[in-house]
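Enquirer: Here is what each chain is made of, one letter per residue.
Protein chains: 2
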Amino acid sequence: MPQLDDVAFMKRAYLLALKGYNEGGCPIGGVLVDNETGEVLGEGHNMLVQEGNPIIHGEMSAMRAAGRMVTRRNTTIYTTLSPCMMCAGTIAQFKIGRVVVGDTVNSEGNVEFLRTRGIEVVVLNDKDCIELVQKFRAEKPDLWLEDWGGA
Amino acid sequence: MPQLDDVAFMKRAYLLALKGYNEGGCPIGGVLVDNETGEVLGEGHNMLVQEGNPIIHGEMSAMRAAGRMVTRRNTTIYTTLSPCMMCAGTIAQFKIGRVVVGDTVNSEGNVEFLRTRGIEVVVLNDKDCIELVQKFRAEKPDLWLEDWGGA
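Listed in order, the protein sequences are those of chains X and Z.
Counted from 1, the first sequence has number 4 at position 4 by this note's numbering; the numbering is strictly sequential.
Counted from 1, the second sequence has number 1115 at position 115 by this note's numbering; the numbering is strictly sequential.
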């Protein structure tokens, strides 16, 4: 398959995360891309605060925007933060073939879970992604906890 | 804690599933209930067809309706069909304490995954829940496949 520009797509996901941060929300972005064409199928960011909706993490926002699909095997999802169990479960259930993670420092997430399901996972540990969530966690620890599933 | 009436809440979830079926959608319903008060915190049904949104399974619909919460440990989620990996991952991530499942016949789901996470799971295998999904699968096998994550 053609090689996707992982760094460029992660930058796109980061800018979505930054948009979420500037709206007063949780700064996590996601982009779902067609592996063959490089087309962006859906993208978005965490909407916990903006919609009062706890299930719209960055990855879920991208999935929702992409809408109905017969198969997602030949897609890559870019996420600025390593997937929580909801998002990892979603990636597995919907058979997304490849995951690129911007940050496993703020949360290790579920990289191993995804790999045991046969999903290719690339970890970038991008400085911008890591620093944005570090800043957010320091500023709004209660919101970080709520977003990550609550107490 | 007070005993919730599992049969009555499952009936409520079933009626939501039936509503979804009558709208031409996937017939799976969910209800999130406070264990102490018996209050319904959120409820809904699968909205794949109605919203063109693949992530709104029955459980997710109930989670969305309930909105923001500091903790969900002392809640029970009723689902007419055993949770897929997305919904099981969500239940685990958001620390829902108890799950009541209407049907493990049409899909075994992820009962064991939930139990390994320390979540109490009750399986009712309710005749109405099972028969409704069996009818749906026979009528719309492609939609069933799409809803369950695609090919």
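Think of the hints as simulated: they come from the structure by calculation, not from any bench.
Hints are supplied without guarantee of correctness; some may be wrong.
As the list claims (entries may be wrong) - Straight line, CA to CA, 27 Å or less: simulated BS3-like cross-link-like pairs of lysine-lysine:
1. X/Lys95 <-> Z/Lys1140
2. Z/Lys1011 <-> Z/Lys1095
3. Z/Lys1019 <-> X/Lys140
4. Z/Lys1127 <-> Z/Lys1140
5. X/Lys95 <-> Z/Lys1011
6. X/Lys140 <-> X/Lys127
7. X/Lys11 <-> X/Lys135
8. X/Lys135 <-> Z/Lys1095
9. X/Lys127 <-> X/Lys11
10. X/Lys11 <-> X/Lys95
11. Z/Lys1140 <-> Z/Lys1019
12. Z/Lys1095 <-> X/Lys95
13. X/Lys11 <-> X/Lys140
14. Z/Lys1135 <-> Z/Lys1011
15. Z/Lys1011 <-> Z/Lys1140
Enquirer: Against this structure, judge whether each hint is valid.
Expert: Hint check:
Annotation: proposed proximity of X/Lys95 to Z/Lys1140 holds, straight-line Cα distance about 21 Å (limit 27 Å). Our distance criterion of 27 Å between C-alpha atoms is met by Z/Lys1011 and Z/Lys1095, whose separation comes to about 24 Å. For the given pair, Z/Lys1019 sits about 40 Å from X/Lys140 by alpha-carbon distance, which is inconsistent with the 27 Å threshold. Between Z/Lys1127 and Z/Lys1140, the direct Cα distance comes to roughly 20 Å. Compliance with the 27 Å bound is thereby established for this hinted pair.
A hinted pair counts as satisfied when its Cα atoms are at most 27 Å apart, and X/Lys95 with Z/Lys1011 does not qualify at roughly 32 Å. Annotation: proposed proximity of X/Lys140 to X/Lys127 holds, straight-line Cα distance about 20 Å (limit 27 Å). A threshold of 27 Å between alpha carbons decides the hint, and for X/Lys11 with X/Lys135 the separation of about 18 Å falls inside it, so the pair holds. Pair hint X/Lys135 plus Z/Lys1095 holds up; C-alpha atoms about 26 Å apart against a cutoff of 27 Å.
Distance hint between X/Lys127 and X/Lys11 is fulfilled; the C-alpha atoms sit about 11 Å from each other, no more than 27 Å. Between X/Lys11 and X/Lys95, the direct Cα distance comes to roughly 24 Å. Compliance with the 27 Å bound is thereby established for this hinted pair. Restraint check: the Cα-Cα separation between Z/Lys1140 and Z/Lys1019 comes to about 16 Å, which is no more than 27 Å; the hinted pair holds. For a cut-off of 27 Å, the pair hint linking Z/Lys1095 to X/Lys95 stands: about 24 Å separates their Cα positions.
Of the supplied pair hints, the one linking X/Lys11 and X/Lys140 holds, its CA atoms being roughly 24 Å apart against a limit of 27 Å. Pair hint Z/Lys1135 plus Z/Lys1011 holds up; C-alpha atoms about 18 Å apart against a cutoff of 27 Å. Restraint check for Z/Lys1011 and Z/Lys1140: satisfied, since their Cα atoms lie roughly 24 Å apart, inside the 27 Å limit.
In this structure, the hints that do not hold are numbers 3, 5, in rising order.
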